[in-house]
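Just so we're aligned: 185 in full-length UniProt numbering is position 185 of the sequence shown, and the numbers increase by one with no gaps anywhere.
Check before you lean on any hint, since a few could be wrong.
Claimed, not checked - Label-pair distances were calculated between CB atoms; the ranges are:
#1 Arg-121 x Pro-246: 17 to 23 Å
#2 Gly-433 x Gly-150: 35 to 41 Å
#3 Asp-163 x Ala-377: 51 to 57 Å
#4 Ile-164 x Ser-375: 50 to 56 Å
#5 Pro-360 x Leu-161: 54 to 60 Å
#6 Pro-159 x Asp-435: 40 to 46 Å
#7 Gly-188 x Arg-128: 21 to 27 Å
#8 Pro-246 x Asp-374: 38 to 44 Å
#9 Ser-110 x Ser-387: 29 to 35 Å
#10 Gly-420 x Arg-128: 36 to 42 Å
Simulated from the structure, these hints should not be mistaken for laboratory data.
Given the structure is predicted, the values throughout are model-derived calculations rather than measurements.
No residue lacks a Cβ here, since even glycine has one placed at the ideal position from N, Cα and C.
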Amino acid sequence: MLKKTSLALWGAALFLAWNGLLLLFLWSRPGALPNSQNPENSRQLPAQLLRLAQDAEAELRLQRELLLQIQKLSQLQQQHQKTPKPPQTAAPSEEEFPVIPVLVLACDRSSVRRCLDKILRYRPSARRFPVIVSQDCGHAETARVIASYGAAVAHIRQPDLSDIPVPPEHRKFQGYYRISRHYRWALGQVFRTFRYRAAIVVEDDLEVAPDFFEYFQAVFPLLRRDPSLWCISAWNDNGKEAMVDPGRAELLYRTDFFPGLGWLLLAELWDELEPKWPPAFWDDWMRQPEQRRGRSCVRPEVSRTMTFGRKGVSHGQFFDQYLKFIKLNDRFVPFTQLDLSYLKKEEYERFFLQQVYSAPEIQIEELQKDPGRDSGAVRIQYRGRDSFKALAKALGLMDDLKSGVPRAGYRGIVSFVCRGRRVFLAPPSDWTGYDPSWS
1 MLKKTSLALW GAALFLAWNG LLLLFLWSRP GALPNSQNPE NSRQLPAQLL RLAQDAEAEL
61 RLQRELLLQI QKLSQLQQQH QKTPKPPQTA APSEEEFPVI PVLVLACDRS SVRRCLDKIL
121 RYRPSARRFP VIVSQDCGHA ETARVIASYG AAVAHIRQPD LSDIPVPPEH RKFQGYYRIS
181 RHYRWALGQV FRTFRYRAAI VVEDDLEVAP DFFEYFQAVF PLLRRDPSLW CISAWNDNGK
241 EAMVDPGRAE LLYRTDFFPG LGWLLLAELW DELEPKWPPA FWDDWMRQPE QRRGRSCVRP
301 EVSRTMTFGR KGVSHGQFFD QYLKFIKLND RFVPFTQLDL SYLKKEEYER FFLQQVYSAP
361 EIQIEELQKD PGRDSGAVRI QYRGRDSFKA LAKALGLMDD LKSGVPRAGY RGIVSFVCRG
421 RRVFLAPPSD WTGYDPSWS
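Take these sequences, add in the hints, and give me the full structure.
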């Protein structure tokens, strides 16, 4: 306001001073006022007065233009003062957007390029999702492929390539011992050396979906807040194309089965697991009750990873039977814009169990004869280990159990699609817990 008043006063003063100088100039010019006693001058008087008036008119025009310019400047000054400054927004905090590295475990597959290409293509931020490739095995060609990415990835190498002493009956499982050793070293580097608070673990034969990072970014806060969760996985063990609903790619589940194959864990979990990390078969060890401790993971309806690695310690048998048929999601889902509060334990159990046990119970023969015209959800009930395995096999599900937990199951319930219908393979509603002797 002070600047506005000052500008107006200066404008007025300039206007008055200009007029004063003009009058002084006009009246003080030689011959400005002719001598009326001189007859010759008397005859020249009208012409001189006319010139004087013309000069005065010209000066007044200049003054008007000057006054208009002063007014315009004053208006601009007022507008500038009225225009609000944009609010100062705080930079995103580490709490909202944490740095979560992607740990890629590599060995002797030069096809790791396929894995890395998709990760680097889809990650939204190099700062928030740095890529660390941990290489075991000392394979030169794989090392060259990793090195070709330059600063886009951090390349670390597991230093101990020695053979591992194993029981005689486990000699053919030497590869599983090496994998477990590599996992322990690599996770130790991420959480102990680099001091990250969380990590996404990916193996070198996995291809990620376009919304892979969006998915983890959205579910991560829930993992941090909910002590009944211990991991987020991108994998659906029963995610074959005919057994999922691609139109519900946004659908997420809780599962008691540790899926792996693209999963996120917190540093606090590594603090718990590292001291007792197993020498081999680390993933099955994770599925034991002593490690799981009643906790669950989050998994998607449609997988956000797909394995392309037939070569491996399982010699391709598992790959040919199941893994190569898993559908990789190809539609970006904006998970960070969705309400995922339904995944909280109490809320999830309330709506999920109601959905399952309100569905009509049918026999497997009815489902197999269904021509696909019906679309409502149904339930098929099993009553024991053998019953589950027989039904799962007949329905095309993975029928193995780990400490009594079925793959992709929650409270013993496996949700999948068959002939276009949602099906729940479920125990009786009075289910009280898993039987670890079921395998």
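Quick rundown of the hints versus the structure:
Our hint of 17 to 23 Å for Arg-121 and Pro-246 holds, since their Cβ atoms are close to 21 Å apart. Range check, Gly-433 to Gly-150: about 51 Å between beta-carbon atoms, so the 35 to 41 Å window is missed. Checked against the given bound of 51 to 57 Å, the beta carbons of Asp-163 and Ala-377, roughly 52 Å apart, stay inside it. Look at Ile-164 against Ser-375: about 53 Å separates their beta carbons, and that is inside 50 to 56 Å.
Judged by the Cβ atoms, the range 54 to 60 Å given for Pro-360 and Leu-161 holds: they are separated by roughly 58 Å. Remark: the range hint 40 to 46 Å for Pro-159 to Asp-435 is upheld by a beta-carbon distance near 43 Å. Judged by the Cβ atoms, the range 21 to 27 Å given for Gly-188 and Arg-128 holds: they are separated by roughly 22 Å. Between Pro-246 and Asp-374, the C-beta spacing of about 19 Å breaks the proposed range 38 to 44 Å.
For Ser-110 paired with Ser-387, a C-beta distance near 45 Å fails the hint of 29 to 35 Å. Checked against the hint of 36 to 42 Å, the pair Gly-420 and Arg-128 passes, with Cβ atoms roughly 39 Å apart.
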